[in-house]
Amino acid sequence: MWTKGLWHWYRGEAFMGLERFEEALVDLRQACNLDYCAPPYQEAARAFLKLGRAREAQAAAVRAVMIEPENAFSCSLVGAAAFEAGDYGLSVSWSTEALKLASGEPYLKLAARLNLAVALLASGDSDATMTHLQEALNTDHLTVAPDESAGLFAEARADIKKLLKARPDLKETAQGVLVLLTGSADK
Amino acid sequence: MRTALSEGNEAERSAAAREIARWVRSATTSGENFSNIDAFLPLLTEAALTDPALCVRKTASLALRWSNDSDAVYQIARDLKSERPERRVAAAVVLGWIADDAATSALRICLNQDTEIVRVFAALALIQIGHQTPLPENAAALIAAAALNETERVGRQLAVAALDEVPGARDIFFAPIESALRDGDFKGALRLLESRSAACHANYVDQGVVALVPR
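Heads up: the protein sequence lines correspond to chains A and B, in order.
Letter 65 of the first sequence, counting from 1, is numbered 65 in my numbering, and no numbers are missing.
Letter 179 of the second sequence, counting from 1, is numbered 179 in my numbering, and no numbers are missing.
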């Protein structure tokens with residue numbers, strides 16, 4: 001519930017939009033201090049992720065989950081932060097939870113599924129990766145706008161390319177996945 | 001303590017008001033004779049009505065509330081007849097904080113006869129005293145506009161504090177920012193926030209709202 005931190009929240013959002021993440025964090029921290037609600041923690045987690053500070057992102061996202069345990073976006077952020085920190089097993093767990101919670105929200109569901117697919121790939125479970133990717137590719141564009149889903153697929157591709165640098169042993173599977181995802185972006 | 005409350009800086013005045021309030025409350029609840037209270041009442045009344053800091057005004061008002069002194073209520077209610085609307089607003093707010101039924105009739109007169117913004121604060125005060133009172137229909141818009149545009153400091157401070165008390169007022173106050181963010185005009189949103197920062201600086205952004213209605 002917003003009361004006192006709303007001004008800082010909006011300011012944090014504006015800085016996020018301008019990709020001035022350090023400045024966003026100053027305001028988001030203030031918003032977190034003034035109000036007990038999940039959104040400023042979620043945005044702080046996003047800002048930390050953009051700055052490559054995965055552990056801090058994870059801590060902020062976990063706080064968001066503590067405030068609203070049923071929030072799919074918060075769980076998805078913990079999964080994303082764990083992935084960035086190289087903790088792929090944890091990323092699979094949180095992305096699975098996010099997928100479960102996002103059942104009624106198509107956009108969040110697609111985001112969670114793609115996160116889960118990439119985390120599974122990193123964990124070496126290529127069958128499960130392909131299953132979730134196929135599900136993601138079958139997403140109805142009437143429920144998720146094409147530009148929004150294209151953005152999510154682009155993020156997934158970027159994550160896989162990053163993963164390839166860290167895990168050359170996954171090259172074969174990852175490149176197969178990239179071909180599949182690139183095809184999807186061209187649709 | 002008297003010097004600190006009337007002449008100190010904000011931190012000193014705030015600490016002095018808290019100490020006096022604590023003292024008054026302790027004397028009232030224990031039933032002990034508090035012989036010096038009369039000497040403090042004019043000072044507390046003055047602080048409640050005119051101190052530049054909202055937190056000092058509120059604490060002084062609470063001290064008056066605990067003193068159970070009806071004279072202070074009547075004295076403050078006299079300000080409801082001031083020629084300056086900001087004095088009338090300040091008086092209505094203090095009477096709401098004191099929450100003494102003795103102020104009801106004076107507040108009801110304001111509710112029916114005063115300018116729109118004073119009516120809103122009179123209604124809020126009556127609610128705090130315990131009278132079910134509908135807020136004027138355009139209360140949210142009036143409070144949002146006063147919080148943004150009121151040029152007199154106290155009036156603006158009280159309007160900003162009332163943003164959370166009048167349903168819908170905060171939404172109206174922040175609506176242009178919501179709209180700019182939605183449209184991707186992030187620089188515009190920052191500009192709009194800066195203009196609201198000046199409005200909110202003392203009691204909304206830095207310290208949080210000093211709620212008019214205790215929760």
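Derived by calculation from the structure, the hints in this document are not laboratory data.
Keep in mind that the hints are not guaranteed to be accurate.
As the list claims (entries may be wrong) - Computed far set for chain A versus chain B, every beta-carbon distance over 10 Å: (1) Trp7; (2) Leu18; (3) Tyr36; (4) Cys37; (5) Met130; (6) Leu137; (7) Leu142; (8) Pro146.
Said to hold, decoys possible - Output of the computed footprint for chain A on chain B, the stretches with three or more beta carbons under 8 Å from beta carbons of chain A: (9) 103–116; (10) 181–187.
In this text, a Cβ means the ideal position worked out from N, Cα and C, and glycines have one as well.
Consistency of the hints with the structure:
1. Separation of Trp7 of chain A from chain B is inadequate, the least Cβ-Cβ distance of about 5 Å not exceeding the 10 Å criterion.
2. Look at Leu18 of chain A: its CB is around 5 Å from the nearest CB on chain B, not clear of 10 Å, so calling it non-interface is violated.
3. No Cβ of chain B approaches the Cβ of Tyr36 of chain A within 10 Å, the least distance being about 12 Å, so the stated non-interface status holds.
4. With a cut of 10 Å on Cβ distances, Cys37 of chain A stays outside the contact zone with chain B, its closest approach being about 14 Å.
5. At roughly 36 Å, the least C-beta separation between Met130 of chain A and chain B is larger than 10 Å, which holds for a residue marked as non-interface.
6. Every beta carbon of chain B lies more than 10 Å from that of Leu137 of chain A, the smallest distance being close to 29 Å; the non-interface claim holds.
7. A cut-off of 10 Å between C-beta atoms confirms that Leu142 of chain A is not in contact with chain B; the least separation is 23 Å.
8. Its beta-carbon lying about 19 Å from the closest one in chain B, Pro146 of chain A satisfies the requirement of being farther than 10 Å from that chain.
9. Given a C-beta distance limit of less than 8 Å, the hint that chain A covers the stretch 103–116 of chain B is violated, as 0 residues qualify and 3 are needed.
10. Counting residues of the stretch 181–187 of chain B whose beta-carbon sits less than 8 Å from any beta-carbon of chain A gives 4, enough to reach three: the coverage restraint holds.
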